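Read off the chains here:
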Amino acid sequence: MILGPKIDRTSTRGLALILPALVLLGPAGLAQHADTGAGADADRPGEETAPVRGEDYETPWPFLSDKYDADGDGRIDREEYDRSDDAFARLDKDGSGAITEEDLAGGGGVMSGSMMASMTLRMHFQDDDDGEVLARAEVESRFAALDTDGDERLTSEEFDRGIATVEDDTGMGGMMQRMQIDRFGALAGEADRDDDLLLSRAELLAYFDALDTDDNGVLAPQSRSGRRGGRGGPRPEASGRGSARGTEPEEPDADTAPNAVGQIAPDFTLKPSHGDGEPVTLSSFAGKQPVALIFGSYT
Amino acid sequence: MVYIREAHALDSRSPILGKGMPVLEEPETFTEREDAAAVCMAKLALEPMPALIDGMDNAVEAAYESHPDRLYLIGKDGRVSFKGGEGPFGFKPDELEQAIRTELGLRDV
Chain A
1 MILGPKIDRT STRGLALILP ALVLLGPAGL AQHADTGAGA DADRPGEETA
51 PVRGEDYETP WPFLSDKYDA DGDGRIDREE YDRSDDAFAR LDKDGSGAIT
101 EEDLAGGGGV MSGSMMASMT LRMHFQDDDD GEVLARAEVE SRFAALDTDG
151 DERLTSEEFD RGIATVEDDT GMGGMMQRMQ IDRFGALAGE ADRDDDLLLS
201 RAELLAYFDA LDTDDNGVLA PQSRSGRRGG RGGPRPEASG RGSARGTEPE
251 EPDADTAPNA VGQIAPDFTL KPSHGDGEPV TLSSFAGKQP VALIFGSYT
Chain B
1001 MVYIREAHAL DSRSPILGKG MPVLEEPETF TEREDAAAVC MAKLALEPMP
1051 ALIDGMDNAV EAAYESHPDR LYLIGKDGRV SFKGGEGPFG FKPDELEQAI
1101 RTELGLRDV
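Protein chains in written order, with our numbering: chain A, 1 to 299; chain B, 1001 to 1109.
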């Protein structure tokens, strides 16, 4: 699955640490109450019952079926679905012209083994603070550090032990641990050439070289989905962007971007969630108290 | 909390399908996004943290380059004092906690 520590299961512990500090900052006293509506009402649509709510479901197909399949034939046709064409097309994964249970069978959004392997390499073989740029030399030194018995082969135990010491368990790594994602297995699956289920130094470096398509000894951060738009961080250019670049390999205009550190924070006025409170304007806090902004969503 | 576009809506390009994962279509109206935010804050026990809802123009998300998630601290002077890494990899609550402590002049843990 495409993984991301969205604000919650992954980061809740971290946020629990932040909350007392936020209280010190003084939240704006907005009313906060969750009107989640009636309980799970899974009756067929067509009866005027409570609206079908995603939070009452554990899996997607029953939700979609209850919400849209008006004639109950097990297919959600285009006429039964009242959202956009794009959304319909994304849900109708097999392009059958209708959304069916097969479309939602878990094939969507699954992160492939090769993606997981690539992500594991980039996450766990960093040996400096330059963000996610990964130099071949870092892989070598991290391999040596993880290979505690010095036999030039990494076992999954050595890997797990080694990364546990530096794991930020409120972040991405912690989430993958809780979901029991076998990161070593994914990496070995891609890199292991002699089928010994171990990762030798040579195999790991060969895997790095295979990813390093422009052969400059450096892997740029994996590009994120196209949703980001605008400056998304370093692009995998051909030359000259190795870690030798110095301490700031990121966007060259980072200093002057409106949301950069030191800039006056871009102002906004937004409504609170179901609040009876007034809209909140960020600049109203200036001179009074700091404000922590946690951008995110439920999914 | 600034509640923005979903990271993995059911009908997005990168849904997360699986038992126990949130079942949620991308909100198409402000009311739908308000509802999603309310569910989020309740289900994840994030109250009493206030949640502000980004408009459907996603302007605040864009101004802060914050999709799918990101942490910032705005100092008392109204300036950005901490800008966290881009999510998901860069989303590290410990960093924000440290920034808050620094801002408030609290001792490091």
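Hints listed in this document are in silico derivations from the structure and should not be mistaken for laboratory results.
Model, not experiment: these values are computed from the prediction.
We put the CB at the ideal spot given by N, CA and C, even for glycine.
Treat the hints with care, since some could be wrong.
Subject to a maximum C-alpha distance of 30 Å in a straight line, what follows is the list of computed BS3-like cross-link-like pairs (lysine-lysine) [claimed, not checked]:
#  : chain 1 : residue 1 : chain 2 : residue 2
1  : B       : K1076     : A       : K67
2  : A       : K288      : A       : K271
3  : B       : K1076     : A       : K288
4  : B       : K1092     : B       : K1043
5  : A       : K93       : B       : K1092
6  : A       : K271      : A       : K67
7  : A       : K93       : A       : K67
8  : A       : K67       : B       : K1043
9  : B       : K1076     : A       : K93
10 : B       : K1076     : B       : K1092
11 : B       : K1092     : A       : K271
Here are a few chain B residues that face chain A, going by a calculated C-beta distance under 8 Å [unchecked claim]:
#  : residue
12 : Y1003
13 : D1077
14 : L1096
Next on the checklist: Going through the numbered hints above, which ones does this structure break? Give me the numbers in ascending order.
Outcome noted: 1, 5, 9
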